[in-house]
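Student: Here is what each chain is made of, one letter per residue.
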Amino acid sequence: MSTTATETATRAEVCAAACADLFRGDGEIVAAAVAGFVPMLGSRLARATFEPDLLTTDGGPSLSAAPVPLGAQAAEVEGWLPFRDHLWLVLNGRRHVVMGPSQIDAFGNTNISCIGDWERPSRQLLGVRGGPGNTLLNTTSYWVPKHSTRVFTEKVDFVSGVGHDRGAHEIRRVVTNLAVLDFATPDRRMRLRSVHPGVTVEQVVENTGFELAVPDEVPDTRLPSAEELRVMREVLDPKGLREREVPQ
Amino acid sequence: MGGKVMTAAGVVASLDSGMTLGIGGWGSRRKPMALVREILRSDLTDLTVVSYGGPDVGLLCAAGKVRRLVTAFVTLDSIPLEPHFRQARQDGAIELTEYDEGMFMFGLYAAAHRLPFLPTPVGLGSDVMRVNPGLKTVRSPYDDGTELVAVPALTMDAALIHMNRADARGNAQYLGPDPYMDDLFAKAADRAYVSCERLVDTADLLKEGPVQSLLLSRAHVTGVVETPNGAHFTDCVPDHGRDEAFQRLYAKAAADPGQWAAFRERFLSGDEAAYQDAVRVWREENR
Chain A
1 MSTTATETAT RAEVCAAACA DLFRGDGEIV AAAVAGFVPM LGSRLARATF
51 EPDLLTTDGG PSLSAAPVPL GAQAAEVEGW LPFRDHLWLV LNGRRHVVMG
101 PSQIDAFGNT NISCIGDWER PSRQLLGVRG GPGNTLLNTT SYWVPKHSTR
151 VFTEKVDFVS GVGHDRGAHE IRRVVTNLAV LDFATPDRRM RLRSVHPGVT
201 VEQVVENTGF ELAVPDEVPD TRLPSAEELR VMREVLDPKG LREREVPQ
Chain B
1 MGGKVMTAAG VVASLDSGMT LGIGGWGSRR KPMALVREIL RSDLTDLTVV
51 SYGGPDVGLL CAAGKVRRLV TAFVTLDSIP LEPHFRQARQ DGAIELTEYD
101 EGMFMFGLYA AAHRLPFLPT PVGLGSDVMR VNPGLKTVRS PYDDGTELVA
151 VPALTMDAAL IHMNRADARG NAQYLGPDPY MDDLFAKAAD RAYVSCERLV
201 DTADLLKEGP VQSLLLSRAH VTGVVETPNG AHFTDCVPDH GRDEAFQRLY
251 AKAAADPGQW AAFRERFLSG DEAAYQDAVR VWREENR
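Same order as they appear, the protein sequences are chains A and B.
The first sequence maps to residues 1 to 248 in the working numbering.
The second sequence maps to residues 1 to 287 in the working numbering.
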């Protein structure tokens, strides 16, 4: 492995590798990385490298025979997962979902429904979608492309995804453009797990609207390996869609 | 062809204000848009709309047709947020029953199979329980004793569904990759009306697709309408994909009252043929 190659990794590539790491050890389950290009790329990267048994889609109802490039349709298909079967699979449990929250609090409660009072919101968003079921029954992670106090809030306006204090199955991690966060604390509050190379702990704390657990030593998020970079750049995302989602 | 073949106007004339109306499809995918546009032209009002919402919901909200919406989301898919729906919510113009997608599906399954409810853990712990105070829980009668949400049957007076093919008897076929929940809507409703891209002879249905693609049985279908390009601008593969350029035009106009008046005048002031003509002309201009 050449070290010079890994040092050329962009922020988006560091984020994608961190998203791939979300699925480490998951085995033969469906990766439902619906939150954007970066987690979708991460799930396919995991399958293409260290987590080969993972099941991934082409963004539609086809389970692809192999990880497909972002934006491409599966040429070879190994399974069919229309929306109704996704919803049954939520109950079955063999699924790890990555969602994109508009708000998230210290216990991992999230909101994608509306901002302000639900009765008459100041900003209507998507609606709860599958958030309540996903978080209650499946391993859930989150992707936040712009880490800010608008997203990381003391209290979410509407609990569409339940956190650890409300019965979540497992909120594994939150990957952002600045850092990776987890819930490895005694009371399962959010903790800073690593900062991306070039980001300071202070930057993360400043952009988080609640008190974040910060260990004495915060490591850097790992760089993608040379092989991971090759797979991302040449195979899974040659158009560089990942770079659009993460400002450098 | 006779049988159950109707016009879109005939379908809408059979509906009444105050009804609960299910709409098939999912987001901006295979929506019965020609039937929705016909409702926009009618004096129907005070509707309860049950839908995995897309521009069907947005258009009906913008036209003031909706009293209550039952949904898990409203989205245009490639454009995440539906401007008319947002405005209606922010204006307090509609009542909302907001369910998780899976709870919504269980409500459909319950209604489709004449069950009063179906139990699921989904919803527990979330604010769905807070904003739906009428939702009750049940406890498993077995040793596990699990507490579950009893999702009530989403019964409806009528359902509107769009399919790729149908015959005059009311059998209907989807040729795309996802059935969505359309068979459940048909079974959950007292009456289901199906619009289709093309009416075919019964004998030709299996020339179009495999037997598993026959999603709706005539036993559950009251009327059939042939509406070529009738799902426009939503996705209806393989007949037509989503018209992304037109959807962008729609979303931009929907976010601005002045532009919306012009959009409505240009595209929604005439009948379905006029709509399709206006879209064709717009496409020529923007080639």
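Keep in mind the hints are simulated off the structure, nothing from the lab.
Every residue gets a Cβ at the ideal spot worked out from N, C-alpha and C, and that includes glycine.
Some hints could be false.
Listing some non-contacts, in silico: residues in chain B with all C-beta distances to chain A over 10 Å [unchecked claim]:
(1) Pro179
(2) Glu208
(3) Pro210
(4) Pro257
Straight-line Cα separation of at most 20 Å, SDA-like style, residue types lysine to any residue; simulated pairs [said to hold, decoys possible]:
(5) Lys146/A <-> Arg130/B
(6) Lys136/B <-> Lys155/A
(7) Lys239/A <-> Pro228/B
Not the full set, but computed from the structure, chain B residues with beta-carbon under 8 Å of chain A [stated by the list, open to error]:
(8) Thr75
(9) Leu81
(10) Arg86
(11) Gly125
(12) Val128
(13) Asn132
Student: Each hint should be assessed against the structure and marked as holding or not.
Tutor: Okay, the hints, checked on the actual structure:
1. The beta carbon of proline 179/B sits about 6 Å from the closest Cβ of chain A, which is not more than 10 Å, so the claim that it is off the interface is violated.
2. Glutamate 208/B, annotated as away from the interface, keeps every beta carbon of chain A farther than 10 Å; the closest lies near 19 Å.
3. Even its closest Cβ contact with chain A, about 13 Å, leaves proline 210/B beyond 10 Å, as expected for a residue assigned away from the interface.
4. For proline 257/B, the condition that its CB be more than 10 Å from all CB atoms of chain A holds, with the nearest at approximately 17 Å.
5. Restraint check for lysine 146/A and arginine 130/B: the C-alpha separation of about 30 Å exceeds 20 Å, so the hint is violated.
6. Between the alpha carbons of lysine 136/B and lysine 155/A the distance comes to roughly 26 Å, so the proposed pair goes past 20 Å and is violated.
7. Proposed proximity of lysine 239/A and proline 228/B is contradicted: the alpha carbons are some 36 Å apart, above 20 Å.
8. A distance limit of 8 Å between C-beta atoms decides the matter here; for threonine 75/B the minimum to chain A is near 6 Å, and the interface restraint holds.
9. Hint status for leucine 81/B: holds, given a least beta-carbon distance of 7 Å to chain A, under 8 Å.
10. Restraint check, arginine 86/B versus chain A: the minimum CB separation of about 4 Å is within 8 Å; hint holds.
11. Below 8 Å, beta-carbon pairs count as interface contacts, and glycine 125/B has one with chain A at about 4 Å; its hint therefore holds.
12. Interface hint at valine 128/B: satisfied, since its Cβ lies 5 Å from the closest Cβ of chain A, which is below the 8 Å cut-off.
13. For asparagine 132/B, the suggested interface contact is broken, since its CB lies about 11 Å from the closest CB of chain A, more than 8 Å.
Against the hints set out earlier in the document, violations occur for numbers 1, 5, 6, 7, 13.
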